[in-house]
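J.: Each residue of the sequence shown is one higher than the one before, counting from 1 in this note's numbering.
Heads up, some of the hints might be wrong.
Unchecked claim - 16 Å max Cα-Cα, derived EDC-like pairs, lysine to aspartate or glutamate:
1) K203 with D363
2) K328 with D363
3) K360 with E264
4) K153 with D166
5) K203 with D120
6) K360 with E75
7) K203 with D114
8) K112 with E264
9) K360 with E315
10) K112 with E201
11) K328 with E75
12) K203 with E100
13) K360 with E322
14) K203 with E113
Keep in mind the hints are simulated off the structure, nothing from the lab.
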Amino acid sequence: MNLKTVFARRKTGLVILALIGVMVCLVDFIFTPAESTEATQVSAIQVSATQVSASPPSLPVVEVTTVSAQTYSTEVIVRGQTLPRYQVEITAQVEGEISEIVNGITGQQVAKEDTLITIDNQAYLDAVSAAQLELAYAELNLAEERRAVKQAKQEWAHMQPGKQPDSPLVWRTPHFNVAQQRLARSESLLALARRNLANTEVKAPFSGVIINRYVAPGRYVQQGDPLVSIYGRDQFEMRVLLSEQQWQLLPAEQDLIQLQWPVELSLLNSPPQWSGYISRVENHIDVTTRQRALIITVDAPYEQTPVLLPGRFLEARISGLELPGLYKLPASALTRNGFVWYLDDDNRLQRIAATPVFQKQGDVYIRLPEQDHKRAWRILRHPLSHYLVNTQVQANEAQI
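Could you put the whole structure together from the sequences, leaning on the hints where they help?
T.: In structure tokens, the structure reads:
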């Protein structure tokens, strides 16, 4: 092997070694930064986890509203059914055959003195004529007796001047008295005949609405048989019962009646639609509920908008007295067992017994201990049943 061949082989080996070195450097350059970045990320995650595990747990958030004692106008809310002030069943006052149904149709509105039903009146016309004839005879008989009495007295005075007769028959006094009584009876019979004739026209006793009709043309009715039912439409009344606590929220009974204390009426859970007033107060205790009632009157219900119909079950709102020392809370703040939850100065849960006075438009007005009237209370708006006293919470203030 000559020298050139040896030198060429060594040169080739050096080139190969150089290429291998370059490749190793490239591999180290490429993979070393990725491994360092991954290690850095792992280290950061470990630090973050350490920080999270070291932070304290978050406090439960409660919604509170700050309230203080104020003077508020009370309101009494009661419910009842509207009924007509007058409702009657009209019966036949005379017997006879129904001639015509004039205004006796069910649901029809009628005015006072409108004719509803007519009964055949021929027999009653004859009775009036007979009574008039009897009255004429009675008047004639009385006139004759009056003349006879006058003549008898003249004859007695001529025959026995200055003396009184021994018997009233001398002056025909009994005859004259009988004639007077006959005339009075004839007048009564004529009045009765005329009343019976008038009763053949059955008229509405007041302005109202026909509820029921029990007869038809051609039917023969006896005295006392029902003809129609009618209720008045000029006034409706609503009788409502009040507890003793509700009575204490209202003015004196005399003021309620004399001032015709206004009342707002509405369907349940609806805005006011009708207006009424307190017309009277019952001065006895209901034996069933042990409560007293007041009567709310609505004038001209058919002229209001919308029309108020009888039989509606309504909600009545009565404005009452102004009472100091009340707290206005959302109704949800008062628990079923009569407590309200509040926060102390350290944001810890506390509870206190409250006395509800009245409710108005979704709010409840309560009394709290008198010694604390000057302080402001941070009341929980929506207390939960699992709350415990002295639990630390985070407050979120809300407006009421």
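J.: Give a verdict on every hint.
T.: The hints, checked one at a time:
Taking the CA atoms of K203 and D363, the gap is near 52 Å; set against the 16 Å cutoff, the hint is violated. At roughly 7 Å between alpha-carbon atoms, K328 and D363 fall within 16 Å of each other, so this suggested pair holds. At roughly 13 Å between alpha-carbon atoms, K360 and E264 fall within 16 Å of each other, so this suggested pair holds. About 13 Å separates the Cα atoms of K153 and D166, which keeps this hinted pair within 16 Å; it holds.
A threshold of 16 Å between alpha carbons decides the hint, and for K203 with D120 the separation of about 15 Å falls inside it, so the pair holds. Annotation: proposed proximity of K360 to E75 holds, straight-line Cα distance about 7 Å (limit 16 Å). Proposed proximity of K203 and D114 is supported: the alpha carbons are some 5 Å apart, at most 16 Å. Taking the CA atoms of K112 and E264, the gap is near 29 Å; set against the 16 Å cutoff, the hint is violated.
Among the hinted pairs, K360 with E315 is consistent with the structure: their alpha-carbon atoms are about 13 Å apart, no more than 16 Å. Using a Cα cut-off of 16 Å, the hinted pair K112 and E201 holds, with the two alpha carbons roughly 13 Å apart. Between K328 and E75, the direct Cα distance comes to roughly 13 Å. Compliance with the 16 Å bound is thereby established for this hinted pair. This hinted pair checks out: K203 and E100 have alpha carbons roughly 13 Å apart, not beyond 16 Å.
Taken as a hint, the K360 and E322 pair is honoured in the structure, with Cα atoms around 14 Å apart against an allowance of 16 Å. This hinted pair checks out: K203 and E113 have alpha carbons roughly 5 Å apart, not beyond 16 Å.
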